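As they're listed, the protein sequences go chains A and B. According to my numbering, the first sequence is numbered sequentially starting from 90. According to my numbering, the second sequence is numbered sequentially starting from 4.
These are computed hints drawn from the structure, not numbers from a lab. Remember, predicted model here, so these are calculated numbers, not experimental data. Do not rely on the hints blindly, as some may be mistaken.
[What the hints assert, rightly or not] From the structure, some residues in chain B lie toward chain A, with a derived Cβ separation under 8 Å: (1) 136; (2) 247; (3) 297; (4) 478; (5) 480.
Here a beta-carbon is modelled for each residue, glycine too, at the ideal position from N, C-alpha and C.
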Amino acid sequence: MSVATPLVKLSRNDFKTEQEVRWCPGCGDYAILAQFQKVFPTLGIPREQFAVISGIGCSSRFPYYMNTYGFHTIHGRAPAVATGLKIMNPELSVWVITGDGDGLSIGGNHLIHAMRRNIDLNIVLFNNQIYGLTKGQYSPTSEFGKRTKSTPYGSVDTPFMPLSVALGAEASFIARAADREQKLLGDILTEAAKHKGTSFVEIYQNCPIFNDGAFFNITEKGTKDDNQLVVEHGKPLVFNKGKQGVIFDCYNPRVVNVDEVGLEAITIHREDGPLGYHLALARMHGPELPTALGVIRRVERPSYDELVNAQVETEIDKKGRGDLRELLQSGHRWTVEG
Amino acid sequence: MSTDTSSPMGDPESNGRSVESLETVAIRFAGDSGDGMQLTGTQFTSTTAIVGNDLATFPDYPAEIRAPAGTVAGVSGFQIQFGSLDIHTPGDRPDVLVAMNPAALKVNLPTLEPGAMIFVNTDAFDARSCEKVDMPETVLEDDTLHAFRVFKVPFTTLTRGALEESALTTREKDRCKNFLALGLMYFVFGRPLEHTEKWLDQKFAKKPDMADANKRVLRAGFNYGVTTETIATTYKVAPAPIKPGTYRQVTGNTATAIGFVAAAKLADNDLFLGSYPITPASDILHELSKYKHFGVRTFQAEDEIAGIASAIGAAFGGSISITTTSGPGLALKGEAIGLAIMTELPLVIVNVQRGGPSTGLPTKTEQSDLLQAMYGRNGEAPMPVVAAATPADCFDTAIECVRLATKYMTPVMMLTDGYIANGAEPWRVPDVEELPKIPVQFRTEVEDFKPYERDVVTLARPWVKVGTPGLEHRIGGLEKAEGSGNVSYDPGNHEHMIRRRAEKVDRIANDIPDAEVIGDTQGDLLIVGWGGTYGALRAATTVLRKRGHKVSHMHLRHVHPMPKNVEPMLRSFGTVVAAELNLGQLRHILRERFLVDVKGLNKVQGQPFMVSEIVSKIEALLGSPSQEAVL
Ligand code: SF4
Chain A
90 MSVATPLVKL SRNDFKTEQE VRWCPGCGDY AILAQFQKVF PTLGIPREQF AVISGIGCSS
150 RFPYYMNTYG FHTIHGRAPA VATGLKIMNP ELSVWVITGD GDGLSIGGNH LIHAMRRNID
210 LNIVLFNNQI YGLTKGQYSP TSEFGKRTKS TPYGSVDTPF MPLSVALGAE ASFIARAADR
270 EQKLLGDILT EAAKHKGTSF VEIYQNCPIF NDGAFFNITE KGTKDDNQLV VEHGKPLVFN
330 KGKQGVIFDC YNPRVVNVDE VGLEAITIHR EDGPLGYHLA LARMHGPELP TALGVIRRVE
390 RPSYDELVNA QVETEIDKKG RGDLRELLQS GHRWTVEG
Chain B
4 MSTDTSSPMG DPESNGRSVE SLETVAIRFA GDSGDGMQLT GTQFTSTTAI VGNDLATFPD
64 YPAEIRAPAG TVAGVSGFQI QFGSLDIHTP GDRPDVLVAM NPAALKVNLP TLEPGAMIFV
124 NTDAFDARSC EKVDMPETVL EDDTLHAFRV FKVPFTTLTR GALEESALTT REKDRCKNFL
184 ALGLMYFVFG RPLEHTEKWL DQKFAKKPDM ADANKRVLRA GFNYGVTTET IATTYKVAPA
244 PIKPGTYRQV TGNTATAIGF VAAAKLADND LFLGSYPITP ASDILHELSK YKHFGVRTFQ
304 AEDEIAGIAS AIGAAFGGSI SITTTSGPGL ALKGEAIGLA IMTELPLVIV NVQRGGPSTG
364 LPTKTEQSDL LQAMYGRNGE APMPVVAAAT PADCFDTAIE CVRLATKYMT PVMMLTDGYI
424 ANGAEPWRVP DVEELPKIPV QFRTEVEDFK PYERDVVTLA RPWVKVGTPG LEHRIGGLEK
484 AEGSGNVSYD PGNHEHMIRR RAEKVDRIAN DIPDAEVIGD TQGDLLIVGW GGTYGALRAA
544 TTVLRKRGHK VSHMHLRHVH PMPKNVEPML RSFGTVVAAE LNLGQLRHIL RERFLVDVKG
604 LNKVQGQPFM VSEIVSKIEA LLGSPSQEAV L
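Okay, chain A solo, but in the shape it has when bound (with noise of 0.2 Å):
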């Protein structure tokens, strides 16, 4: 979707809808709306070119509180719905809204493909590592061991990385937000409005319901500072108020101390980089290494609404618009006479 000059001034009551918000109390949904709302007006698309498709789960509720073209589809389809709306009509910008469960367990053939094909989709997953409209099963983003519902002795699943999937599909744009981090999370949304092709957005998203505090130590005050870094293409990994920062040798992360080697020595970071790197990078976690927040890949490539919209372009020019008349008299005929 590449972004015009708008031609009325929105606002952000223009995206609200009149219904009422239905989450619990507390949930990380919230501040996600608030930022769509915020940067939506901002994006110099008509409101009206906007469709905002969901599946099944929490995060699923999301397109009846956007005031836009909106599709509340079945579980774990949301992409494949999307893509065809995006294929009929290349013009719209359309975000897809998913969660652990509907994106990664039940949609996960659907997502791979989209990002394969970088079909011009948002496609942004809310990751609460929990079933939270079934009311607290595990996901498959839940850590290895989690005592749910249904897995009160303890989880035996290995859990998935979204970005790792997102990586191995061949996702074009690759970014990690979090609830709490608001402008971080606009800007990541307004990134990804701009990217032609798939943009797949991982918001970590807290639950107080059922998973409370999940991430916390990457957005509270106390914790956050040694556990977050904020990559940004061009700039060095620093984290802990530039105190630290991370050097990647044949793609393995060290944290160092700054002061000790020097900034020149800590590896800048590139959205283009080697795909090796935004995999590591991407992986990242705590105890020993920080969880890269931002856009941390980024690379051009065509996008399948737009190849198949070319194909039928050239076909057009080559052969001219064909007509009923054109159809019917097509193919090997013969005349029977009267």
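Given chain A's structure and the hints, the job is docking chain B with the ligand onto it.
Chain B with the ligand in isolation, oriented as in the chain A frame:
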């Protein structure tokens, strides 16, 4: 084979042989999967159509891409019936069998009537090949085939002989032998070579040596017929009285594809197909992917669910949207169909039925998905079901499904089956003016817009293109409030909406033609059929009526809702028989709906009905009406 005794014998062009006139002939080309039998059959069909016979075909090929060579599992067959009369089926039993190897003979022998002609490739009947299929090496010499007229032709030797001077490898030469069989059949049935020659020139435009080799072999086959003395008679099949016009040969899958392109044009819109490859539906995807300059976008999805989900997305956006599949794929699409029903979006789901359950018989035909089409979803989820009757009818059915889907804002199920999907018949190409109109109105007016406000006649909700200013709205799978379309958990509203959605579909009955009836509107016995059995049931009814039975045939294209003449028809006959390729699914629906004691005439063998088996079962029923005519 039926003989036209009124025609004079002898013909100046007969090379001194006697020429017999026939009304109908059924030929079956059979060989190994790699022998090119489908191609041979298609070529024979094209030429036969061009010389003016009516015809019907039935390709019958194995599920395995390459079953071990020379085995029974690897036999590929192509049957065509053609004639100087209306032809409705590919023929029960071939009058002529072309058998390229012992396996082909073995498989098809039981289908032949005494007196049938068999052309065998003697070169393929060596000890090893015979042993593979458990046939004595002496099969061509002993009395196994004594009931038949056997023509022993060394196809391979003759092919190599014709290509003596060619630079092709022996392997390449041998691959031309199907054209020898074709040339010989052209001789026996007095067909010209030129159409196939032209086709070869086009097909091998870039490989003239291949075109040349195949043409030589084709001619050699024809000339073998001219010179051999074993063929004492040739046959003439006069052109059929066919409605004047321009014709083309279509399979059901091709007709389906073209029908949807036409429907989108008639609706002044672009077509989207979301589909996952599955036998026997994939050819619709293949065909539609060629129509890019008609604005068609085909999306080969990652799975069946994505196939339909993407089509729902495209429908939400305002495009004519379809998804194509076969039985197992339909099972996977069930939940998404429910979404289209709840969101009241126009969508056509094409199910090319095949043998089930599970993977079943992927390349064989069956009508066992009717109940799945009707009921295979969670909740109260009715949708219109329309079934194509013949290969060419797939064109009209596709247009009808789009008309209903867009007019009533509902998903529509289009049923075809492996038999009509792959079978071909001549199709009289309609004029643009003959086609129905599909007027689609998109809502653009902002004032008083309610996403679920219904049309008073059709009960359809408005269709809005995403991108229309001022009409931003949300839809989804949760229950809707009538009018506003907001999520509603209100018990009364839920029941109201359930009834409204059902009524909307029921009202389609006011908008469809009566079911076609062959014969009288009352009598002793009514055969009720639906879908691809049309040709066989119609042909059988004609035979039964000629024999003096008071039998009629009613055929359902619109299976749900049903046309209005269905009930009075069911009540106007002493006995009603639902004939179908399943264990009685239509019968179940008719009994449930009309409380009529419908009998069943059923067959589930992966094969279409034979006319003769219908005739004999119906005659048995007429003799003792209490009997169940289960085949
Ligand atoms: S269950 Fe958790 S994720 Fe769902 S709405 Fe409540 S707090 Fe939010």
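Okay, the hints, checked on the actual structure:
The interface hint given for residue 136 of chain B is violated, since its Cβ lies 37 Å from the closest Cβ of chain A, which is over the 8 Å cut-off. About 4 Å separates the beta-carbon of residue 247 of chain B from the nearest beta-carbon of chain A, less than 8 Å, and the hint is met. Nearest Cβ of chain A to the Cβ of residue 297 of chain B: about 4 Å, under the 8 Å cut. The hint holds. Satisfaction of the interface hint for residue 478 of chain B is found here, the shortest Cβ-Cβ separation to chain A being roughly 6 Å, below the 8 Å cut-off.
Here the hint on residue 480 of chain B is kept, as its CB sits about 6 Å from the closest CB of chain A, short of 8 Å.
In summary, the one numbered hint that this structure violates is 1.
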